[in-house]
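S.K.: In case you want the letters, here they are:
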Amino acid sequence: MRWGLLAAALVASPVAAGVVYSAAAATGLAGFDPRGFSTDRLSRVLGEPAVWESLAWTVRTASLATLLASALAVLVAMTFRRGRGVDRLARTLAVLPLPVPHLVAATTAVLLLAQSGLLSRLGFAAGWLAGPADMPPLVYDRGGLGLVLTLTWKELPFLALVATTLLATRGAALEETARGLGAGPWDTFRLVTWPLLWRGLLPSIVAVFAFAAGSYEAAAMLAPSDPLALPLLTLERYTDPDLARRGDAFVLVLVGLMLTGAAVGLHEWVRYRTTELPG
Amino acid sequence: MSLAKASCGRSSTPQPRDLARAPWDSLASGARGTTVTWRMWRGDPSINAYVDRWVSPRVLQRYGINLNAVEGQGPEIVNQLQVEKEAGAGGTADLVWINGETFHQLRQADLLYGPWSGRLPHAAWVDSASPIISRDFEQDPAGYESPWGTVQFALIYDSARTPAPPRSYAELREWILAHPGRFTHDQAFAGITFLKQLMYALGGGVERFQGGFHEELYRTSSNRVWRWLEEVRPSLWRRGGSYPPGVAELHRLFANGEVDFTMSNNQNEVVTKVAQGIFPATARALLLGDGTIANAHFLGIPANAPNPAGAMVVADFLLSPEAQLEKARSTVWGDGTVLAVDRLPGPWARRFAELARDPRALSRDSLARYARPEVAPEYHERLARDWRSRIRRGGS
Amino acid sequence: MSSVLRAGRTAGLLCLGLSALLPMLLLAIWSVGDSWFYPALWPSRLTAESWRALLSGEGRLWAAAVTSMLLAAGTGAMACIVALPVGRALARLDGWRRHLGAALTFLPVAAPPVALATGLQFSFLSLGLGGRPIGVLLAHAVPAVAYVSLYFTGVFAGFDARVEEEARSLGASAGQTFWFITLPLLRRPLAEGFALGFLISWSQMPLTLLIGGGAVRTLPIEVFAFVEAGQDRIAATGALVLLVPALVALAAARLAASRTEVAAV
Amino acid sequence: MSTAALRIERLSAPFGSAPGLEDLSFEVQSGERFVLLGASGAGKTTLLRAIAGLAPAAARRMEVAGYDVAALPPERRDVVYLHQTPLLFPHLTVGRNVGFPLRVRKVPAAQAAKRVEEALSAVHLESFADRMPHTLSGGQRHRVALARAIIARPAVLLLDEPFASLDPSLRQEVREAVLTIQREYGPALVLVTHDLDEAGLLGDQVGVLLRRRLAQVDRPAQLFARPTSLEVARFLGMPNEVVGRIAEQGCFESVLGVLRVSRTIAPGPSVALFRPEAVRICERGFMAAPVVALRHRVHQTTAIVEVGGTRLEVALGGARPPAAHSLVQLSIDPDQLMIFPAP
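Protein chains in written order, with our numbering: chain A, 666 to 944; chain B, 12 to 407; chain C, 46 to 310; chain D, 4 to 346.
So that you can see chain A by itself, here it is in the shape it has in the complex (with noise of 0.2 angstroms):
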């Protein structure tokens, strides 16, 4: 029992040094500068609204990547439950995508998305669009757009894969119980189905927002200048030419590992709260 929750700290030990030194560097105790503990530096990058932006931006991408691929995965396991055939082909294809890096992912998607990518060039073909300028915005623009498909993207198969699950391991008898206890199609989806998709599907959300918020590579390449994703803001901070400004990089650290560990503690406690107790 004891050894459980101490293998568990020495896992998350390196996180920890991480916010330790962090924490340090961002009160002025270490870091480049060291000068003594002051709270200054806190409350100047804290004080930036740039720094807000970037977290509301980050935070709005993610959710809005994570909210269209549960919805996807939803649909495609729905759509797809039947054990094999076309609906196992369906299923194989949904997953594929799984283990694809976000460096990959991000560079197919600036060549497919830009405003001279290849859809565009397909439109352009079809007599749709009369240039580039006609494509809509989907890569350094403001709207993220092309930083939401690509994290959807990425994130679909996970989620597509928990869902598909779910339904084939425990869907079908409950299901089965529901119509036999006199239950029709739509009352056993909204009754039975549904909730256990979503409940299901939860502490999965939770956890693949936290790697959408945190991804670099795909933002790097495909976000806006301004407002600056949180994780290339933290970098560009990092390597400031200024020596001076290189310690803000650290309070953005500690905004980033907290936003983690929100979402990390809100994905256990749903995960606590739907399996651990009744009901």
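Hints in this document: simulated from the structure, not taken from any laboratory.
A quick note: this is a predicted structure, and the numbers were derived from the prediction, not measured.
Do not rely on the hints blindly, as some may be mistaken.
What the hints assert, rightly or not - Keeping only pairs whose Cα atoms sit at most 20 angstroms apart, straight-line, the calculated SDA-like set for lysine to any residue is:
| id | chain 1 | residue 1 | chain 2 | residue 2 |
| --- | --- | --- | --- | --- |
| 1 | D | Lys-109 | C | Ala-219 |
| 2 | B | Lys-96 | A | Gly-701 |
| 3 | B | Lys-96 | A | Asp-698 |
| 4 | D | Lys-109 | D | Arg-79 |
| 5 | D | Lys-109 | C | Ser-218 |
Given chain A, put chains B, C and D in place with the hints provided.
M.R.: Just chains B, C and D now, with coordinates in the frame of chain A:
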């Protein structure tokens, strides 16, 4: 800390203090059998090919040095050395490719070894009379870096799409206003250099900016830059609400006709990019009449370099007429030499003069006519930071 | 109604097929495309230059792929070795302790790589691990060990430890039990754990960048450098190489899964 | 002095964090079958696991074949513990499963093969050596597990409810296998069950584990006839319980009247427990009672009668089943009453 030193240290390497006194020959023979790790920008296949397939085998054959070129540029180098110093860790690079503000920051933080560049045998042929080569962003290298090559900033346009390109910043402004959405600059080094030239043009010429950083001059002239940018902003690409992260992304926009201009710190880049099929064959370089910044790039040795002796030997080879000539070929790299060509012995002067010129490249005369020196690095740093907070943020 | 449904299913299948295969197709064309400008749908010339460079081992992609492969294999192995006891210990927790343990273990997985790398760079460099493959390996192991530990927690939750007791009771020592019983029974989870760790290292970028300091050149680092330099053809080639082990791992997992399905029937 | 195969003296073992077994002592001779009888949750499994070294325990003595094993790891105790359901190693063939104990003892391959063959034939599974466990039936799995347990010739074999999960016909098959194999290899056998019949059938000795203590250890006949405490008697499932008191003269006074008991029991409030056979319906008994219902059991039919407000289950004693609500005459054999001081 001592553990880190022990694990990284190569005990056979002479310590820096001894190096300063050791005769060159014994220094070179001492470096035999060692490895030199060279941190540099690795993004261009032409430059990589020169380093990996031309320089490396020769360095190995002649000096018995194993050259290991690794990725890392400007801010990354500073950051890496800074953290290494803070952590008290042994160094991981022997030679770094730097200039301008990177050199400034490294010197400020005392992260460079030196002075050493005067000890290189080939240093005697360096064109020290040229202000572009003898100064680095108005800084005196003071022996802490050795010049390696020269480049000059140029705009790049497609002669098929834009037969009559603007020839000055004033004309460029008119052109941007007349062609909405067709111009932008990147957020990184080239883009900031573009803004710096704009600052010279609006601030009364580069001469006023020489002689160190002046806050007042910077404020008034940079304000003109922001006004200029705000004025053209609605006509910039994406209405000035977003900017490509780096020059590569700008190149991609240019090549596919999303914008009509791109830019480069290296006037010869258009030649290699056309050869690589990245630019259309009709792409050309363009110098604005207000003058474009020419600068030299250098090689430094980190203060914590495990193998400074080897690094010096490599830097010396890179300075040799042979290596400089190969690098200057436009089919190889097209990087300008830092040697005083007319002072070179024997056939070398002739060989440099005979370098085949690519028709797309700019003539040496016009390059020289429009070349402007770099000024104090603070200008670059301030422009970059203020552009981010004033223009990049709060667009659209 | 059913014809509408069928049309919807067909459209869905088509979309999934396109979304899975189009990116790979696009990368494949880009890796051989020369002078491919808007609005051309097809490159004006084809060249196998980047592939030739890759396969001849001359270019940097090959060396980077080898480095990546070794690092990823090392990370996968290390993740398995560490995660095995950790996952086992975690699986024995119950109630809120189990969830606290899982949350702690999940942190390194979910932490933004940039934040993790930035926070860890100082410690790694102080330990003399900066810029060295061993340092990068350890850095990759941080999220990999955590991820594989979570995976093994699930495995051990379903693992019948009484089999081990039976073996001990039949005269096997702890070592023999592990070697003859536990290990063979966990062969598939171990292979999958290795693949997980492998893939985490294989696609890792920010940690490699900051801890490796540019000196450890993995495939993602090179691909990113080529993307940043606008060398799309080489980048696309590297991206395809990055895909290979990922797809092989997925295919192997699927194959194994379908084989156990058959065996279970 | 003969050495017991297993000697346990004053063993205590915790149940997780709750208080556990306390102060247990017993001894099993080689070739002897010791049955541990107890309700579920009494700690039977914990005791077996403690003996096998799989659960923590403290004991003044824990000897196997004369050697103290308390400090030894499970594999060096010369004791084999078999889980309730047969746990065959799923990745090994039947032959390799059975050969496992020899493999870990580094017995030469040729010799091991011969012994595996013997062990398999002892459980009538000669041709199954190359099968995988998941292709076997439930009974076959049990027999493989037995063969595997016995092949190392342990001094003590611990069986945890080996027949509980089996249906009656299979139970017979496996029980036979256990008896055969024990006769052939002769280890001491400790078997846990909650089935009284099974205990009587298999045990040379039966230990009753009640409330974390060994309440009684005896030969089965003795145990069933003379439980030494009310607790044990109740556990043995006496259907009838009558409250009364022992008067000075050794008489038990209750609704059954005044009965003379031969054993000496301290005077005071007492409880009498007895089986249906102790009270019989007969032609001329000493009291009459109305029949409330009939109860049909596997081996006999009994009648429920009401005596002084208490319902008793009584044997028919060869008589024809009486009609409901009829009055019957009852006779009592006082020697079959088990009388204990009231708690």
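S.K.: For each hint, tell me whether it holds in the structure or not.
M.R.: Structure-based check of each hint:
1. The straight-line distance between the Cα atoms of D/Lys-109 and C/Ala-219 is roughly 15 angstroms, inside the 20 angstroms bound, and the hint therefore holds.
2. Restraint check: the Cα-Cα separation between B/Lys-96 and A/Gly-701 comes to about 19 angstroms, which is no more than 20 angstroms; the hinted pair holds.
3. Proposed proximity of B/Lys-96 and A/Asp-698 is supported: the alpha carbons are some 12 angstroms apart, at most 20 angstroms.
4. Proximity of D/Lys-109 to D/Arg-79 is assessed by CA-CA distance (about 14 angstroms); at most 20 angstroms being required, the pair is judged to hold.
5. The straight-line distance between the Cα atoms of D/Lys-109 and C/Ser-218 is roughly 12 angstroms, inside the 20 angstroms bound, and the hint therefore holds.
Of the numbered hints stated above, none is contradicted by the structure.
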